[in-house]
Amino acid sequence: MPDTTFLDSTELVLNMGPQHPSTHGVLRVILKLDGEKILGTDCVIGYLHRGVEKIAEARTYAQFNPYVDRLDYVAAVSNGLGYCLAVEKLLNVEASPRAQAVRVILTELNRIASHVLWLGTHALDIGAITPVFYCFREREEILKIFEQYCGARLTTHAFRIGGLQYEIYDGFEQEVKAFCDMFLPKVDEYEELLTNNRIWMSRLKNVGILNAEDCKRYGVTGPVLRAAGVHWDLRKAQPYSGYEKYDFEIPTRDNGDTYDRYSVRMQEMRQAVRIIRQAVEGIPEGPIMAKVPKVIKPPVGEAYVSIEAPKGELGYYIVSDGSTQPYRVRVRPPSFVNLQALDRMVRGALIADVVAVIGTLDIVLGEVDR
Amino acid sequence: MPDEKPVPPKPAPKPPAVMAATPWKSDLTRELNDRFGEGVCQCLSYVGQNFIVVGPQMVVALISYLKVGPGFDYLVDITAVDWPQRAERFELVYILYSFARNERVRIKTQIADGYRPASVVAVHLTANWLEREVFDMFGIEFTGHPDLRRILMPDEWQGHPLRKDYSILQQDQRWVQENLDGASGQ
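In the order they appear, the protein sequences are chains R and Z.
Take the first sequence: its letters are residues 75 to 444, numbered as in the numbering used here.
Take the second sequence: its letters are residues 54 to 239, numbered as in the numbering used here.
Think of the hints as simulated: they come from the structure by calculation, not from any bench.
There could be a bad hint or two in this list.
[Said to hold, decoys possible] In silico DMTMM-like links for lysine to aspartate or glutamate, alpha-carbon gap of 25 Å or less:
#, chain 1, residue 1, chain 2, residue 2
1, R, K128, Z, E209
2, R, K368, R, D288
3, Z, K161, Z, D208
4, Z, K217, R, E127
5, R, K128, Z, D218
6, Z, K217, Z, D166
7, R, K111, R, E85
8, Z, K120, R, D417
9, Z, K161, R, E131
10, R, K279, R, E131
11, R, K111, Z, D200
12, R, K251, R, E359
13, R, K279, R, E110
14, R, K310, Z, D126
15, R, K106, Z, D200
16, Z, K120, R, E287
17, R, K371, R, E131
18, R, K319, Z, D218
19, Z, K217, R, D395
20, R, K106, Z, D218
21, Z, K161, R, D395
22, R, K371, Z, E144
23, R, K319, R, E247
24, R, K319, R, E249
25, R, K128, Z, D208
26, R, K128, Z, D166
27, Z, K120, Z, E194
28, R, K310, R, E266
29, Z, K120, R, D288
30, Z, K120, Z, E144
31, Z, K78, Z, E91
32, R, K128, Z, D126
33, R, K319, R, E287
34, R, K371, Z, D218
35, R, K365, R, D395
36, R, K106, Z, E209
37, Z, K217, Z, E194
38, R, K310, Z, E141
39, R, K128, Z, E141
40, Z, K217, R, E131
Produce the entire structure from the sequences given, and follow the hints as far as they go.
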């Protein structure tokens with residue numbers, strides 16, 4: 075009979091990250107393992123902490139605007155929109171209809187850019203090499219439009235408090251329409267590669283399930299919440315920037331597993347194209363800036379404004395003491411809150427599933443750490 | 054002889070401006086008054102956003118009640134604001150949302166430095182990391198929190214960066230020397 079007493083029965087602790095390609099940045103996850111089964115996790119974050127909320131207190135309202143682009147750096151336009159809307163709320167001004175339409179077009183383009191980047195890297199993590207090249211090819215077209223509009227591709231600083239940074243350039247509408255026509259068949263192409271792929275399905279189905287009840291307990295929002303069957307999107311629930319004028323649907327699924335989150339995001343890209351097409355059809359004439367004083371000095375008060383960013387609810391809580399600098403800016407990052415549910419999603423699963431679940435949560439560490 | 058100009062009277066010092074909040078009255082505020090007693094919850098509204106100011110010992114009871122009764126089942130955020138010149142230095146802010154009512158409400162409470170407010174993790178699981186961040190940034194210790202550690206700053210870091218008396222250029226020199234070979238990046 076073999077002597078088994080020397081076998082160590084205690085749990086094994088394994089460090090995943092911070093330098094690990096599938097953690098999408100510098101996330102460190104401490105895994106407690108029994109063989110390959112996960113008994114528990116502990117996320118160590120903060121490697122990218124730059125103290126953005128502290129910096130805000132030493133900048134004027136307009137000066138802080140470019141900083142928010144560095145939070146979720148793959149969806150900089152959405153970050154800027156949320157910040158501008160929050161300051162506009164404190165100032166009690168509203169952007170002009172023209173500015174709102176352009177804001178919606180650029181934000182939805184950015185949603186597509188964020189989702190294709192997610193799709194490419196997520197598929198790469200799972201082992202599908204091909205989609206990432208296709209995804210970057212389409213993302214490039216969006217970044218070209220951004221570059222043409224404001225000179226920057228990633229950290230765009232596209233909006234100003236009260237409206238837009240620039241008037242749209244000649245041929246903007248045609249380029250956006252051409253992108254929409256080109257992009258929809260590409261989504262079908264991605265789906266042909268992945269949706270019914272046997273390896274893809276077996277790696278994703280019934281992995282990392284988070285049901286609607288748990289989503290609410292963990293405060294999870296965005297595509298993760300919708301994949302669990304909750305029909306909730308801030309663009310519909312509390313419309314901003316004129317989203318109520320556009321006809322679109324909120325895609326949902328029922329199981330709340332990794333595969334459902336994948337298909338929700340695929341549908342969201344199609345819906346984003348639908349919104350862009352409606353918005354670009356009738357951009358109203360008029361000024362691009364509302365009447366905003368040169369020196370922005372909101373009255374004493376506070377406001378919380380949130381938008382539906384590609385990752386979930388992105389909120390800004392700003393306290394003004396009546397001076398030119400914000401007294402306190404709090405960013406409510408969707409990635410930070412969603413990441414907390416990782417432990418719940420991977421308990422009892424295998425190490426390979428952790429990679430799939432981190433990919434499907436679609437976190438950006440710049441936003442988690444701020 | 055030049056005319057002696059009368060010295061203009063010094064302008065009276067401006068009183069500190071306060072937020073122009075208006076009372077908020079609705080079925081929900083009446084319900085809260087019935088349940089917790091008149092005047093316990095101060096219900097106000099500013100730029101169309103409603104908030105409730107309560108004493109720190111009431112927070113957990115109020116948030117639990119709002120979750121079960123009126124259905125504010127989603128804790129959006131917890132944060133704090135530092136007002137060093139006030140006697141009760143920190144303002145804790147809880148942002149709640151109700152999926153059923155599509156309504157947002159903020160709970161605000163004032164606490165002194167060193168006061169240890171009760172944790173709401175037992176009511177909303179999401180409070181775990183959010184309270185850890187408030188502890189990390191402001192040094193507010195929550196009692197009954199299952200795992201109160203720093204979350205964004207290194208564990209051994211001294212000081213709480215989002216306090217107003219923490220300068221923007223300040224850093225924990227000892228930690229930087231020990232861990233980064235003295236290269237601070239500044």
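*Which of the numbered hints above does this structure break?*
2, 3, 10, 18, 20, 28, 32, 33 and 38
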